[in-house]
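Build out the structure end to end from the sequences listed, making use of the hints.
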Amino acid sequence: MKYEISKDRDEILKTISASNNKNRNILWQNYNDHRKVVEIHNIQIDPIQEMIAFTVLESSGLLSDRPIYIKLNHRNLIFKGSILNISQGNVLVQIPDEIKLEEFREYKRFAFESNEKRKVILSFDSHLVNKAKENLPIQMLDVSQSGLGVIVNYFEKEKLIKSQNLSLSTLGHFKFHSHFYMNPVYKTNYQDISSSEDMFKIGYKFEEQLPDNLIENFIRAQEGIFESELGFLGKSRKFQRKLHREYRAMVKKLEAKKEFDDFFIGHGDFRNIGHEYLPKHIRLLSMFSCALANLLNINSKLLTQQLTYIAFVHDIAYFNNPRLAQIKDDKHFKKIAFLLKVHERELYYRAPQFALQFAKADVHAPVGAEQLLQQIVAYKSSVHPDKFLAMENLAAPLAIFVTAHHLVDYVLKHPHWSFFEYLENYPFGIYGGTFLDIYDKLKQARIAAA
Numbered sequence: 001m002k003y004e005i006s007k008d009r010d011e012i013l014k015t016i017s018a019s020n021n022k023n024r025n026i027l028w029q030n031y032n033d034h035r036k037v038v039e040i041h042n043i044q045i046d047p048i049q050e051m052i053a054f055t056v057l058e059s060s061g062l063l064s065d066r067p068i069y070i071k072l073n074h075r076n077l078i079f080k081g082s083i084l085n086i087s088q089g090n091v092l093v094q095i096p097d098e099i100k101l102e103e104f105r106e107y108k109r110f111a112f113e114s115n116e117k118r119k120v121i122l123s124f125d126s127h128l129v130n131k132a133k134e135n136l137p138i139q140m141l142d143v144s145q146s147g148l149g150v151i152v153n154y155f156e157k158e159k160l161i162k163s164q165n166l167s168l169s170t171l172g173h174f175k176f177h178s179h180f181y182m183n184p185v186y187k188t189n190y191q192d193i194s195s196s197e198d199m200f201k202i203g204y205k206f207e208e209q210l211p212d213n214l215i216e217n218f219i220r221a222q223e224g225i226f227e228s229e230l231g232f233l234g235k236s237r238k239f240q241r242k243l244h245r246e247y248r249a250m251v252k253k254l255e256a257k258k259e260f261d262d263f264f265i266g267h268g269d270f271r272n273i274g275h276e277y278l279p280k281h282i283r284l285l286s287m288f289s290c291a292l293a294n295l296l297n298i299n300s301k302l303l304t305q306q307l308t309y310i311a312f313v314h315d316i317a318y319f320n321n322p323r324l325a326q327i328k329d330d331k332h333f334k335k336i337a338f339l340l341k342v343h344e345r346e347l348y349y350r351a352p353q354f355a356l357q358f359a360k361a362d363v364h365a366p367v368g369a370e371q372l373l374q375q376i377v378a379y380k381s382s383v384h385p386d387k388f389l390a391m392e393n394l395a396a397p398l399a400i401f402v403t404a405h406h407l408v409d410y411v412l413k414h415p416h417w418s419f420f421e422y423l424e425n426y427p428f429g430i431y432g433g434t435f436l437d438i439y440d441k442l443k444q445a446r447i448a449a450a
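Just so we're aligned: the sequence shown equals residues 1 to 450 in our numbering.
Bear in mind the hints are in silico, worked out from the structure with no lab data behind them.
If you're wondering where the values come from, they're calculated on a predicted model, not measured in any experiment.
Note that beta-carbon positions come from the ideal geometry of N, C-alpha and C, so glycine has one too.
Hints are supplied without guarantee of correctness; some may be wrong.
As the list claims (entries may be wrong) - Mimicking EDC-like on lysine to aspartate or glutamate, the simulated pairs with C-alpha atoms at most 16 Å apart in a straight line are:
1) K7 x E98
2) K380 x D329
3) K360 x E370
4) K100 x E4
5) K157 x D198
6) K187 x D142
As the list claims (entries may be wrong) - Now the in silico label distances, taken between C-beta atoms and shown as ranges:
7) N130 x A249: 51 to 57 Å
8) V383 x F174: 54 to 60 Å
9) D65 x S381: 41 to 47 Å
10) R248 x Y422: 17 to 23 Å
11) S381 x I298: 25 to 31 Å
12) N30 x S87: 20 to 26 Å
13) D10 x K335: 22 to 28 Å
14) V363 x N183: 52 to 58 Å
15) N425 x A249: 32 to 38 Å
Printed below as a string of structure tokens:
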């Protein structure tokens with residue numbers, strides 16, 4: 001395994017962020033002859049305040065005046081850091097100036113958690129019957145067009161080491177009729193905190209690379225997008241299919257629009273813009289807002305289109321400026337404004353109008369989407385937002401958007417969240433109207449699902 005040193009700030013932030021919600025992220029300290037190792041359960045990056053918050057179950061024994069070492073799952077990232085503070089299960093560390101990470105690969109690699117139990121079947125010449133093949137189902141850790149990483153126990157490792165004419169027979173549900181032969185390129189011990197068994201990781205390189213569409217189809221089939229995140233809000237298969245359809249249609253439409261890029265500072269490939277922000281914030285906002293409308297029994301095809309459209313467009317100015325997307329409100333902005341460049345401050349002020357201008361110029365925008373965006377802009381620019389939300393004639397879609405946006409922020413901030421805890425801290429009940437209806441419906445749905 002080859003490593004490289006990176007001092008590129010964007011790559012540092014992107015690589016650290018890509019390690020979130022993965023297993024085998026750890027930090028440790030050395031003192032005397034003792035090493036204190038702690039498992040990391042969540043990672044929150046604040047690029048504006050130049051710090052990373054690592055959520056850990058056990059922080060006792062860590063010393064803030066000693067250096068700390070962090071190893072993260074994505075590209076086996078390693079860096080030495082300085083602790084800024086330790087409090088309430090969070091270890092705050094300064095964003096490093098450089099990191100050590102696994103050398104970049106030519107082909108895109110898909111990595112999985114060990115607890116996902118992704119399986120492949122490897123085929124090799126039988127030791128018992130001449131010209132026969134033996135199949136061995138084992139756990140896959142990562143895959144790309146050029147190679148495969150697996151984790152095995154001692155017995156499986158010994159079998160593979162002695163095997164001849166090893167090939168990939170089955171990838172998930174895809175059974176091959178041709179032979180994709182492969183050769184080992186490395187073998188190493190694999191430490192899993194949750195397992196006491198000695199495990200090993202073996203990396204293989206294919207003699208002939210896998211077709212790109214095969215990998216894409218495998219990932220699409222394996223990833224249960226939407227279903228696990230909706231919980232009891234989206235039990236209906238019909239409802240889930242509708243969300244899939246509208247979301248895919250919106251992605252396709254925005255990718256095809258030339259003027260979509262005109263609102264960005266700089267230009268880039270849409271698929272890479274706001275890589276962390278897009279799937280985490282926008283997709284959840286689209287799903288939660290549509291799910292809340294469904295709970296209130298006011299959902300329709302048009303409202304689904306409106307809410308999906310608004311989820312994409314409301315923060316359009318930040319797609320190429322993902323660090324600004326972490327600014328929650330004016331109060332947060334005022335605290336960190338001195339850290340921003342002039343053009344970044346100006347972008348923050350103009351962002352709501354960018355979204356509105358885009359919707360006005362978009363002749364294919366859903367009917368009513370521009371009006372809903374106008375209400376959102378009015379709410380965000382209001383001098384007294386509490387009075388604004390308490391208005392008797394507040395539109396139900398606006399209340400849905402405000403609640404869904406708050407819920408998304410809560411989910412992203414609390415990786416082990418529950419609706420019970422969220423409802424205990426629900427902040428909008430005092431405004432009555434649709435906000436109170438949402439609270440009642442969420443409470444009923446939670447009880448019914450319990």
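Run the structure past the numbered hints and jot down the numbers of the failing ones, going up. 10
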